[in-house]
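*Asks:* The lines below spell out each chain.
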Amino acid sequence: MRRKQTDNTQESVRTSHLVSKLALVVVGMFGFGFALVPIYDVFCEITGLNGKTAGRATYDAAVVEVQEERLVTVQFTANNNAGMSWQFHPMVNQIQVHPGELTEVKFYARNPTGMTMIAQAVPSVVPFVAADYLHKTECFCFNQQTLAAGEAIEMPLLFYIDQAIPDGVSKLTLSYTLFDVTANFLNSSSNLSAK
Amino acid sequence: MATGHDDHHHGPAKGFTRWLYTTNHKDIGSMYLWFSFAMFLLGGTFALVIRAELFQPGLQFVEPEFFNQMTTMHGLVMVFGAVMPAFVGLANWMIPLMIGAPDMALPRMNNWSFWILPFAFAMLASTLFMEAGAPNFGWTFYAPLSTTYAPSTVTFFIFAIHIMGASSIMGSINIIATIQNLRAPGMTYMKMPLFVWTWLITAYLLIAVMPVLAGVVTMMLFDIHFGTSFFSAAGGGDPVLFQHVFWFFGHPEVYIMILPAFGVVSEIIPTFSRKKLFGYDSMVYATSSIAFLSFIVWAHHMFTTGMPLAGELFFMYATMLIAVPTGVKVFNWVTTMFKGSISFETPMLFSIAFVVLFTMGGFTGLMLAIAPADFQYHDTYFVVAHFHYVLVPGAVFSIMAAAYYWLPKWTGNMYDEALGKLHFWLSFVGINILFFPQHFLGLAGMPRRIPDYALQFADFNMVSTVGAFIFGFSQLLFLFIVVKTVLGGKKATAQVWEGAEGLEWTVPSPAPYHTFTTPPLVP
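Listed in order, the protein sequences are those of chains A and B.
When we follow the working numbering, the leftmost residue of the first sequence carries the number 1, and every step to the right adds one.
When we follow the working numbering, the leftmost residue of the second sequence carries the number 1, and every step to the right adds one.
Quick caveat, the hints were computed from the structure, so don't treat them as lab data.
Please note that the accuracy of each hint is not assured.
[Stated by the list, open to error] So these bits of chain A aren't anywhere near chain B, every CB distance computed over 12 Å:
1. E11
2. L22
3. E65
4. V129
[Said to hold, decoys possible] Just so you have them, the derived chain A footprint on chain B, three or more residues with Cβ under 8 Å:
5. 121–130
6. 202–210
[Stated by the list, open to error] Simulated restraints on C-beta separations:
7. Q67/A <-> E65/B: 39 to 45 Å
8. F34/A <-> F16/B: 17 to 23 Å
9. N79/A <-> F129/B: 37 to 43 Å
10. M84/A <-> H162/B: 29 to 35 Å
11. Y189/B <-> R56/A: 56 to 62 Å
12. S152/B <-> P112/A: 27 to 33 Å
13. A310/B <-> L158/A: 53 to 59 Å
14. T45/B <-> F34/A: 33 to 39 Å
15. V92/A <-> G138/B: 37 to 43 Å
16. Q163/A <-> P308/B: 19 to 25 Å
For each residue, glycine too, the CB sits at the ideal point set by N, CA and C.
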């Protein structure tokens, strides 16, 4: 090589600096891919996109003011995810509530199969803007449901509508999809505490 | 120009180990190009199975399950096996020659990034012979199709993607290091040939998004085998999250496949127009703008997932904005040809076809960008027609143009011009017969990824299949032309093309095994 030796060393130092920086970018972007998961969750929570409802809310009758003059219709639907064999439906299809009023409804579930199964209900609200204003103080969706063969259960849901719900929303739909998660728990019992 | 005659310089080693152990950018570039051509034929065979099945309504040749495996494997092999390695091969061959560098900056890593590729694709293709069959969830592998409902071979697919990603990342780091550190004295950034510029930007795109792809397949792996719920609603995850993460990779990925093509035609059109490229600076800025915009438009693939209006509007306008820098490029190519003394050798024919047909694919892209209209076009053959117009007469034509353009430099022999032109016209006519009717099929409502269809779609499908076989088999002519040129032919001069400019034309043809061991002087 006719390039001077010093040039070569300088060059390889520069190259290894650059390569380390680029490798850092690669590692960073790999991490960013995973960071997208919580970012997406937070984004959906803030904007109410996807109809995601928040977790358990508290209800303090002394503080929450009931708006007697306003009525909001709440509809309930229940679906089974593909392959889920339970009977699953709301016991009332729709009710009218005043914002701020704590209301209880029940959902019915029965396991018609011959084996014990574990299910998880996942909620979603439309219109999406209403998702932030539906507060659940008690919900069967906060836990998995285990039903023995042939067992039936009435599952409670306690909720209230936030008084700040936009005027334009007079009707909202709370939908539950029931997933069979039995296999997850057979595979890894450590997951029992999840969610 | 004389190359070094130092006594420790030597030619290539003999035998197979030359290819196995080589760290020479020209050897590795050739291997990349041959590998990508093999994958092009493999992916093309899958495509012909698809088109044969769709020749007539009803089920003729394959079962729906196998049909799905074919659409999936066709997409994966063409994207990751044919188009991307072909551009990496061109980069390996041409970037050191264009910037006056003796080799790539990291020659050993270069060897490794090529040699893991055949293993990745062997692993992917081996699933075809397994009982569970090959992946069947489309090249976009949406969860839960690729997790909950996937065949057990999905794990092979995941590791194949990991290896391809590692190969691409290593290749890009190498290209960036070469371009930024090994330019000959005087080769400033704004003097670099556009092919080098577009590859520099592409390499940055690759190191930014390939790790995200690795992340998303890793999440799939965990969902499938370790009980996590990234994409499973039952466990608190969300399948739509998959689409967001995938397209965050996927949209820059489609520009990764087209930006080097822009670079190639920006080299070829000035040569055969015998004029300088019009608007060099604006080409550089336009390429950078396209690269930047590619990161903020991903959700235009997801208009029908139930995004809020504000999201649809944002992604719609951001997507349409890409038409501006792309328009600048098309304008520059056309203006370069304007009043040039043009001759129509095969590389120029492919490049002009690129400009015309890529622009058409761009316009259908604009149609798809319109969110309200997309609800009609979504998942129809209109989308298939759109992305094949930008990828086949776009990316693939530019690769063929590049092959004809630099083949004399690589082999020292001129290719057979008459056969080259025949190959071009067969490809050009074939491709339009193949993909143009698919626009009509899509507008009429024929969905993608179905092995059977309603009777009213029969005629256009038949026409499309005829085009597919014309295009497919004319690629064997390409193989013949390349082999014939490698074996012999009219000797090429160092200059090769009358109007060509750039350092690669200052070295003899064929380019010696070692070039620019002494940095050239850049005027």
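*Asks:* A separate judgement is required for each hint: does it hold in the structure or not?
*Replies:* A quick look at each hint next to the structure:
1. E11: 6 Å, violated
2. L22: Non-interface label fails for L22/A: nearest chain B Cβ at 5 Å, not farther than 12 Å.
3. E65: 30 Å, holds
4. V129: The assertion about V129/A is violated, with a minimum of 8 Å to chain B.
5. 121–130: violated (count 0)
6. 202–210: Since three or more residues must qualify, the claim that chain A covers the stretch 202–210 of chain B holds, with 4 doing so at under 8 Å.
7. Q67/A <-> E65/B: 39 to 45 Å: 57 Å, violated
8. F34/A <-> F16/B: 17 to 23 Å: Violated, at about 41 Å.
9. N79/A <-> F129/B: 37 to 43 Å: 39 Å, holds
10. M84/A <-> H162/B: 29 to 35 Å: 33 Å, holds
11. Y189/B <-> R56/A: 56 to 62 Å: 57 Å, holds
12. S152/B <-> P112/A: 27 to 33 Å: With Cβ atoms ~30 Å apart, the hint holds.
13. A310/B <-> L158/A: 53 to 59 Å: Taking Cβ atoms as reference, A310/B and L158/A lie about 33 Å apart, which means the hint is violated.
14. T45/B <-> F34/A: 33 to 39 Å: 37 Å, holds
15. V92/A <-> G138/B: 37 to 43 Å: 41 Å Cβ-Cβ, so the 37 to 43 Å window holds.
16. Q163/A <-> P308/B: 19 to 25 Å: 24 Å, holds
The earlier numbered hints that this structure contradicts are 1, 2, 4, 5, 7, 8 and 13.
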